[in-house]
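The listed protein sequences derive, respectively, from chains F and R. Per my numbering, the first sequence runs over residues 1 to 106. Per my numbering, the second sequence runs over residues 1001 to 1632.
Keep in mind that the hints were calculated from the coordinates and are not lab data. Glycine included, every Cβ here is placed at the ideal spot set by N, Cα and C. Be aware that one or more of the hints could be misleading.
[Claimed, not checked] Okay, derived cross-link-like pairs now, SDA-like style, lysine to any residue, Cα gap no bigger than 25 Å in a straight line:
#	chain 1	residue 1	chain 2	residue 2
1	R	K1224	F	A105
2	R	K1379	R	N1478
3	F	K62	R	G1145
4	F	K62	R	E1222
5	R	K1434	R	A1512
6	F	K93	R	K1379
7	F	K82	R	M1451
8	R	K1379	R	D1368
9	F	K102	R	N1478
10	F	K93	R	E1177
11	F	K102	R	T1065
12	R	K1224	F	G48
13	F	K62	R	S1175
14	R	K1224	F	C29
15	R	K1347	R	D1313
16	F	K102	R	K1120
17	R	K1219	R	Q1118
18	F	K82	R	T1172
19	R	K1219	F	K62
20	F	K83	R	D1217
21	R	K1120	F	S86
22	R	K1540	R	M1451
23	R	K1120	F	P43
24	F	K93	R	G1170
25	F	K62	R	M1451
26	R	K1347	R	D1373
27	R	K1472	R	R1593
28	R	K1224	F	A101
29	F	K82	R	G1145
30	R	K1540	R	T1065
[Unchecked claim] Across the chosen pairs, the derived CB separations fall in these ranges:
#	chain 1	residue 1	chain 2	residue 2	range
31	R	V1398	F	A98	20 to 26 Å
32	R	K1038	F	Q106	35 to 41 Å
33	R	T1316	F	S86	39 to 45 Å
[Said to hold, decoys possible] Some chain F residues near chain R, calculated using beta-carbon distances under 7 Å:
#	residue
34	G26
35	T28
36	R30
37	E37
38	P53
39	S66
40	H72
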Amino acid sequence: MKTFAATLAVGLAFALSAFPALAYDGTTCREAGNCWEPKPGYPERIEGSQYDPQHDPAELSKQGASLAAMDHRNAWRVWHLKKTGSFQYDVSKIEGYAADAKPPAQ
Amino acid sequence: MRDTPRISLKASASALAVVLAFVAAPVKANEALVDLAKNTDNWVMTGRDYDAANYSTLTEVNKETVRRLRPAWSFSTGVLHGHEGTPLVVNGRMYIHSPFPNTVFAVDLKDPGKILWQNKPRQMPTARTVACCDVVNRGLAYWPGDGESGALIFRTQLDGHIAALDADTGETRWSMENADIRVGATLTIAPYVIDDLVLVGSSGAELGVRGYVTAYDVKTGEQKWRAFATGPDEEILLGEDFNLANPHYGRFGLGTRTWEGDAWKIGGGTNWGWYAYDPTEKLFYYGSGNPAPWNETMRPGDNKWTMAIWGRDAQTGQARFAYQKTPHDEWDYAGVNVMMLSEQEDKEGKMRKLLTHPDRNGIIYTLDRTNGDLVSADKMDDTVNWVKEVQLDTGLPVRDPEFGTRMDHMARDICPSAMGYHNQGHDSYDPERKLFMLGINHICMDWEPFMLPYRAGQFFVGATLSMYPGPKGDRQNNLGLGQMKAYNAITGEMKWEVMERFSVWGGTMATAGGLTFYGTLDGFIKARDSDTGELLWKHKLPSGVIGHPMTYTHEGRQYVAIYYGVGGWPGVGLVFDLADPTAGLGSVGAFRRLAEYTQMGGGVMVFSLDGEGPYSDPSVGEYEVIGAAEKL
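Using the sequences provided together with the hints, build the complete structure.
Below is the structure:
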């Protein structure tokens, strides 16, 4: 009986491991356009779970800061081009350029 | 007595003013580009015209004559690595681009042996280290000029710049920063001109870059708008009527609500594929790519609006619709592929303005491009297994959980692979035959995720991949990785299909001559009968092809041109000499036999019937001694 139970347990375990994490087929929606579900055995939220990537907020903010800085330099280049008719890529050579101020209105 | 119509002087003056104003008004860039595209002497944009159909009405080269095609002239870019896209031809000149360092050349079609100008930008060489998949570039854009300014050529650079070049002299008019390689963002997309705007996408989802598309003023480089793929609605630029026709696709707030925490800030959705434009609807169309990282367990949610087909107003950037093809992507089915526009009767006989998009995920979608209605969604091959079907009423893919991916699990035999059954190839639509000519990948994969932290500027993938031929290929010999197919979007049927040794990566061109041209990774340009798929002609090129063919006439003669230069994602193993089969995000194993057939190169090859062309007269381009006539 014990052997049978062990065999059954192993068989069940194998059957479970052989099967994929079923159920998530993407058609059960909590609202229109929001149809994700956690797969069986996986968390609804990963924060605090073994799958929490523990992102550094400082790293996550770098892209936005970089885009803002590029847009700022570009705005000065455009300002200079409109004012003088010539293009200057190196913003340090643009008269009046300031890293912390927008170009004057034209 | 004859009744003479009386027209007041005031009314006459008003009418005259209107007429004069109309006459004096400069021709808008759109109209000029449309007119230029109608002239077969030109190929003014990457997809030939705004329909992005890569279809030419030329017939000199046809089923009967194609066997006489021979090289007429060629041009080496001097750059190895993958050459994607296609050259432009405008007003008797060919504009040629190269991969990094993104040199642009102009040559005169009368004597292409003389370079009219070349523009080679100075770039930070470190840009090469953050490019995910070789150092490719997909092409140029042309702005025809107006009464104030001359014509311009637009170029993207791997280091993230968008530059305007004087089309006449090659001089740089302006250069703006659009992407920062220090945070992993690069540029490989071909720019796109609509009115007086130039649109630019973004690359770097494999490094967690949050995707965006930006519009700049062609004359000054001033930013007009920017639309992100993820995040708050006001940054995605959702119009008030967004998805009004299809509210079941989802509408507002989903760019943050379908992510956990701030994951949308590093969530990918870059767009580095192709654009199309409908001047009547004033909408342009493109696809946003994969969410980041590839490891799906690290980003719960549908991850809106990555993986979407977009219809946006070109002037404001506001989105009228978005349809997410692969919610919560688990396989890197980046949805950036070509959008081909056609007008066809649907199954009910109603004439509709359509958009057809062969997606990485193995499904080819056709939408009503006026409002985003889903018209059809067919498997490009019956071996697609991650999805059972796409419900046309809901738009939802019915996933097969057996082929899902997740942490602590090795998923096996997923079809298609991350490379998709279709990738960046710019395909074509033949309106006479109502057939889309598709260059296809036939590759499947095993996928095992792993955890990793996000560090700006570093790779952020989180999965190990093994790739191999699909079920119809030769897995024992690792060949049979591609197909060519002719698809009818209304019936859903493939009229013909043939296997290829490797992926047909670069795309196709269809012509009214009844031919479909394409290049192969092993270095052939081929022409097939568009009705039957029969191979009618081929020519061996110096290196493999990942670009798409184009055709034009010059002085009454039809030419066919194509880039050669193996590389891109399928070529990373070859160009970087990699051996680990899981390297190159899994492509090295799949294409390990490519080096037996081709090696690196880079240039354009131009063909004509019997090879006739500018140098049929051997005196063309010869050195002339000043005063030689007098000496004789």
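Hint consistency between K83(F) and D1217(R) [alpha-carbon to alpha-carbon, up to 25 Å]: Satisfied, since the Cα-Cα distance of roughly 16 Å is no more than 25 Å.
Status of the given 20 to 26 Å range, CB of A98(F) versus CB of V1398(R): For V1398(R) and A98(F) the Cβ distance comes to about 56 Å; the hint is violated.
Given hint R1593(R) paired with K1472(R) - CA-CA distance at most 25 Å: holds, 18 Å
Consistency of beta-carbon spacing, Q106(F) to K1038(R), with hint 35 to 41 Å: With a Cβ separation near 39 Å, K1038(R) and Q106(F) satisfy 35 to 41 Å, so the hint holds.
25 Å Cα cutoff - pair K102(F), K1120(R): Answer violated: K102(F) to K1120(R) is near 31 Å, above 25 Å.
Pair hint outcome, K1379(R) versus D1368(R) [Cα-Cα no greater than 25 Å]: holds, 19 Å
Pair hint outcome, K82(F) versus T1172(R) [Cα-Cα no greater than 25 Å]: holds, 16 Å
K1379(R) paired with N1478(R) [C-alpha distance capped at 25 Å]: Given that 25 Å is the threshold and the Cα spacing comes to 23 Å, the pair holds.
Hinted pair K93(F) and K1379(R), Cα distance within 25 Å: violated, 56 Å
Holds or violated: K1434(R) to A1512(R), with C-alpha atoms at most 25 Å apart: holds, 12 Å
Pair hint K102(F) and N1478(R), alpha-carbon separation not exceeding 25 Å: violated, 58 Å
Restraint outcome when E37(F) is required to lie within 7 Å of chain R by C-beta distance: violated, 9 Å
Checked against the numbered hints given earlier, this structure breaks hints 3, 6, 7, 9, 11, 12, 14, 15, 16, 19, 22, 23, 31, 33, 35, 36, 37, 40; the rest are met.
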